[in-house]
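Number of protein chains: 2
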Amino acid sequence: MKIHTNSIRKQIGNINKSYYDLITHEIGDTNLTVPQVLVCRCIKDEPQMVSSISETVKLANSTVSSIIDRLEKNGYVTRIRDSKDRRIVWVAGTEKLTQLRKKMPVLEESFFEILFEDLDEESVEQIYRSLELLANHMMKKVAEYKKE
Amino acid sequence: MKIHTNSIRKQIGNINKSYYDLITHEIGDTNLTVPQVLVCRCIKDEPQMVSSISETVKLANSTVSSIIDRLEKNGYVTRIRDSKDRRIVWVAGTEKLTQLRKKMPVLEESFFEILFEDLDEESVEQIYRSLELLANHMMKKVAEYKKE
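Chains as they are written, first to last, in my numbering: chain A, -2 to 145; chain B, -2 to 145.
This is chain A alone, in the form it adopts within the complex (with noise of 0.2 Å):
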């Protein structure tokens, strides 16, 4: 057993380096890095708020909004002020990003399912099941750290 669980971790390692290989080949020559492609997946048609950004990518909200700083920079993405509470505010997408988004497949979602096309159905079940169980192992174990 103790050879298994040194090697989950090894995979686990292996699959989000070549996940993160995948976009940054993806991305190639612009000037973009993994972190913002992932951060402008969460943006399409309607604006964002960081904290629900921050939700989807799994990054604190401070390290969203340091990636959101850039993105505007580069012209990307905007803030706007709620017009109605102006302590909120929105995270939405410019022209210049979604004429990004026409050319690179890897900013829309489905570039995750584009990975899987050659994969049997039943291979698709197997690897979802495990990484459920694997999944919810953890974040029990979480659960029962935090209240120690």
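Don't read these hints as lab results, they were simulated from the structure.
Predicted, not measured: the structure shown is a model, and the values here were computed from it.
Hints should not be assumed to be uniformly reliable.
[What the hints assert, rightly or not] Taking lysine-lysine and the PhoX-like style, the derived pairs with C-alpha atoms no more than 20 Å apart in a straight line are: (1) B:K55 - A:K55; (2) B:K14 - A:K144; (3) A:K7 - B:K138; (4) B:K41 - B:K93; (5) B:K14 - A:K55; (6) B:K137 - A:K7; (7) A:K143 - B:K14.
[Claimed, not checked] So these bits of chain A aren't anywhere near chain B, every CB distance computed over 12 Å: (8) P44; (9) D66; (10) N71; (11) S80; (12) W87; (13) L94; (14) T95; (15) K100.
[Said to hold, decoys possible] Here are a few chain B residues that face chain A, going by a calculated C-beta distance under 10 Å: (16) N13; (17) S15; (18) V139.
Note that CB positions come from ideal geometry on N, CA and C, so glycine has one too.
For chain A, the structure is supplied; the task is to place chain B on it using the hints.
Below, chain B alone, put in the same frame as chain A:
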């Protein structure tokens, strides 16, 4: 199949998030960050080269270098030039890191094992096989994309 593929991405996100949460909870009120913990784990009894640490933690050399800068500033590691080849730099743990390691299981490789103690062997096997399948598929995709 569409639902599962997007769910796979979400579960990977949940797994990564839980692992970060666990480490964040364990490091508590020390001045360490999660990437610093991952780098510290690589430095045991033997000094390491930046390139081998990068390989283990799956981060770029430049990222690992700046993490080591901060760890060195806080007295946890020290850089040593190779006595035979002055171009080679080794990163070694200090006595302060040894002391910290004794108090924090999260700094040990075995932390991941402890997480899985209460999961039955069959589930661990299933998780391992599925992750291996997913990792291999994604690494194959990276190779394919790079060839295009």
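Now for the hints, and whether the structure bears them out:
Note on K55 of chain B and K55 of chain A: the hinted pairing holds, with a Cα-Cα distance of about 18 Å set against a maximum of 20 Å. Between K14 of chain B and K144 of chain A the alpha-carbon distance is near 18 Å, which keeps this suggested pair within the 20 Å criterion. Taken as a hint, the K7 of chain A and K138 of chain B pair is honoured in the structure, with Cα atoms around 18 Å apart against an allowance of 20 Å. A hinted pair counts as satisfied when its Cα atoms are at most 20 Å apart, and K41 of chain B with K93 of chain B qualifies at roughly 13 Å.
A threshold of 20 Å between alpha carbons decides the hint, and for K14 of chain B with K55 of chain A the separation of about 6 Å falls inside it, so the pair holds. For a cut-off of 20 Å, the pair hint linking K137 of chain B to K7 of chain A stands: about 17 Å separates their Cα positions. A distance of roughly 14 Å separates the Cα atoms of K143 of chain A and K14 of chain B; the hinted pair therefore holds under the 20 Å criterion. Once the 12 Å rule is applied to beta carbons, P44 of chain A is consistent with being away from chain B; the minimum gap is 22 Å.
No Cβ of chain B comes within 12 Å of the Cβ of D66 of chain A; the nearest lies about 19 Å off, and the non-interface call holds. For N71 of chain A, the requirement that its beta carbon stay farther than 12 Å from each beta carbon of chain B is met, with the minimum near 21 Å. The Cβ of S80 of chain A sits about 33 Å from the closest Cβ of chain B, beyond the 12 Å cut-off, so the non-interface label holds. Under the 12 Å C-beta cut-off, the non-interface status given to W87 of chain A relative to chain B holds; the minimum distance is some 23 Å.
With a least beta-carbon separation of about 21 Å from chain B, L94 of chain A lies farther than 12 Å from that chain, consistent with its non-interface assignment. The Cβ of T95 of chain A lies farther than 12 Å from every Cβ of chain B, with a closest approach of about 22 Å, so its non-interface assignment holds. Distance to chain B confirms K100 of chain A as a non-interface residue, since its nearest Cβ pair spans about 15 Å, more than 12 Å. A distance limit of 10 Å between C-beta atoms decides the matter here; for N13 of chain B the minimum to chain A is near 6 Å, and the interface restraint holds.
A least Cβ separation of about 4 Å between S15 of chain B and chain A falls short of the 10 Å threshold, and the interface hint therefore holds. A hinted interface residue such as V139 of chain B counts as satisfied when its beta carbon comes closer than 10 Å to some beta carbon of chain A; here the least separation is about 5 Å, so the hint holds.
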